[in-house]
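The residues making up each chain are set out below.
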Amino acid sequence: MADTPDLFGAWRETLQKWEKDTNAALSSVTRDEGVTRAMNQSLSMMARLQAKQAEVMEKGLAQANLPSRADFRALNVRLDGIERQLARLSDMVRGLARTDGAAAAAVAPGPAKPPRTRKPPSASKKPEGPSK
Amino acid sequence: MSDVGDQGVLEKFRVEMERAQARQRGGLDFLMSAGPPRGQTPKEVVLSRGTLNLYHYAPMTDEVYRTPILFVMATTNRAYVFDLAPGQSFVEFMLKRGYDIYVIDWNPPQSDESRLGFEDYILDFIPSCVAEVQARSGEDEVSVIGYCMGGVLALMYAALHTPGPVRNLACFTTPFNWREFGLFNTWSDQRYFDVDTLVDSLGNVPPEIILASFDLLRPASKLASQMQLWDNIWNDEFVKSYRAVDRWGNETIPLAGQYFRQTIKELMNGNKLYTGELEIGGRRVDVGNIKAPFLHAVAEHDHIVPRAASRELVEKVGSLDKEEVVLRGGHVSLIAGANAVRRLWPKLDQWLAERST
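Each protein sequence line maps, in turn, to chains P and V. Per my numbering, the first sequence starts with residue 10, numbered consecutively. Per my numbering, the second sequence starts with residue 113, numbered consecutively.
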């Protein structure tokens, strides 16, 4: 059968080539020492500014008698702590239930665990043993 | 042109017109619908402590292999990449092949966790998870599998716990020679990159910085992938897979400050994992100490971890039973999506099955 032109194939190929070429060109720019230095300087400046801004905001919120982000974070930490304690307690309860067979059935009737006896498919294909 | 050729052109034109109509419908659906559900495979949170989450997935077979598996997720992203959607789930695949699966997922570290460092991850978090897996499964041995930076953590853990509970160790796209990290190495050159100022000012490293650095590796690819999406928006399967992976890729999480500082200074600038000079908790991390069967799966077109950065790992690991496989795909498509279903997942199953009884 004669070859037929692919109407959108050429566009797809162009897109792939554009992506490859643009990535290569921009990578060579960001590989440059001067660009790396400039990128990192602006990153450091941004970090310092952000830290300063947070400090100023915190002071402003304190003056307005409003909770700051740090206060919410502290609350979050305390809630995390409470959740952790609860998780530990529920683990302990489950552990106790596991050690007491009768109680286990009543308190935590979890799903039956499958036996850990599975063999790889290759094991079933092996011959039973060498003939003597 | 021949009649046959004319018919071929007309047929292609007809197909493209149909796709154009489907694109309009698909585009509307894409804009109007919520993101696909993720992490649907039934699981239970069995350990949760700050940034650390340990999931246990409900077995899907009548009998399972003796040795349980512990997946260690990379610290930059959420672990649902292992469980994107039914039919596209690595975890579901392995469950159906008869494995007992546990996954470490990292929550975004909070400000009070900015002091977490390698010592916490290697000497506390992973050992706690291994102990939990041992207690729940009743087995002493565990197969540990790490993806990307999760692979680095798994390596460090295995190197420091030998002889120990690691029955098998598998790493995916795991960097080892950090001098060969390409652009990341250039950008974090200690002459220009002041990691201390960054961490001291911000505490944890925000996800925007991490995401921007990933995007900067291939600046044109985001736009190109969106155009590719438009081109394929008539294809429901493509769209489903694209959305799941794209959403995951954009959901980068912050990195604990001290952990980031150590990654840059010890691994990137010092290359100490490679040279064997890295110390954690006063003990030297030597991957030559690892004796468990070892598999390293790397992607042929990995733009994040260049081949040169991962190549020497298998040679340096001390195991006698060790293997490296280079599979087609990229950093993410190696473990998730249609490519992974055909290549990595069956390979891992085949490798582990014989070593999990």
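Simulated from the structure, these hints should not be mistaken for lab results. Please note that the accuracy of each hint is not assured.
Unchecked claim - Taking lysine-lysine pairs in the PhoX-like style, the calculated list, with each CA pair at most 25 Å apart, reads:
#1 V:384 with V:352
#2 V:459 with P:128
#3 P:128 with V:208
Evaluated hints:
no. : hint             : verdict
1   : V:384 with V:352 : violated (41 Å)
2   : V:459 with P:128 : holds (17 Å)
3   : P:128 with V:208 : holds (14 Å)
In this structure, only the earlier hint numbered 1 is contradicted, and the remaining ones agree with it.
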